[in-house]
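So the chains spell out like this:
Number of protein chains: 2
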Amino acid sequence: MAGVIREAGHAEVQSIGAGATNQAIKAVAIARSYLQEEGIDIVCVPSFIDVAIDEEERTAIRLLIKKG
Amino acid sequence: MAGVIREAGHAEVQSIGAGATNQAIKAVAIARSYLQEEGIDIVCVPSFIDVAIDEEERTAIRLLIKKG
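Chains as they are written, first to last, in this note's numbering: chain X, 1 to 68; chain R, 1 to 68.
Because the hints were derived from the structure by calculation, they are not lab data.
Each hint should be verified, as a subset may be incorrect.
Pairs involving identical chains hold if they fit within one copy or between any two copies, as the list cannot separate such chains.
[Claimed, not checked] SDA-like cross-link-like pairs, simulated, lysine to any residue; straight-line CA separation at most 20 Å:
1) K66 to S15
2) K26 to E57
3) K26 to R58
4) K26 to A2
5) K26 to D50
6) K67 to V43
7) K26 to V51
8) K26 to A60
In isolation and in its complexed conformation, chain X is listed as follows (with noise of 0.2 Å):
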């Protein structure tokens, strides 16, 4: 995630349940702080998304990482 910000200044995942959001929360609190020690600051901004999986509908968490 790291990465992928360094690069194109922003990221985003999706997460479907808690476990999996808990993830990717942990991974942009672990990604901030690489960053964070080359002077690049991130925040994200969580919003809910419906996707389709299996032809049913369920609603996954979206983040957006961004530079803040």
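Knowing the structure of chain X, use the given hints to seat chain R on it.
This is chain R only, laid out in the frame that chain X set:
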């Protein structure tokens, strides 16, 4: 959460465990959609924080929510 940000300009929540962190992120996403209607954009900054619970050291997720 939306109310706290509206009044104080920022909010902070700490969570331990996947379920609590998931709830916290959902709360941010919901607060964000409320505040967006008022023209206020918010972002969140996750980090790790060590907290002592019953004299045991646990690692919590700290979410700082601020105007973006």
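Tested hints:
1. K66 to S15: within (17 Å within a copy, 22 Å between copies)
2. K26 to E57: Classified as between: cross-chain Cα gap 18 Å, same-chain 26 Å, threshold 20 Å.
3. K26 to R58: between (23 Å within a copy, 15 Å between copies)
4. K26 to A2: Close inside one copy (12 Å), not across copies (23 Å); limit 20 Å.
5. K26 to D50: between (23 Å within a copy, 14 Å between copies)
6. K67 to V43: Classified as both; 6 Å inside a copy, 11 Å across copies.
7. K26 to V51: between (22 Å within a copy, 16 Å between copies)
8. K26 to A60: Result: close both inside a copy and across copies, 17 Å intra and 10 Å inter.
Comparing the model with each numbered hint stated earlier shows that all of them hold.
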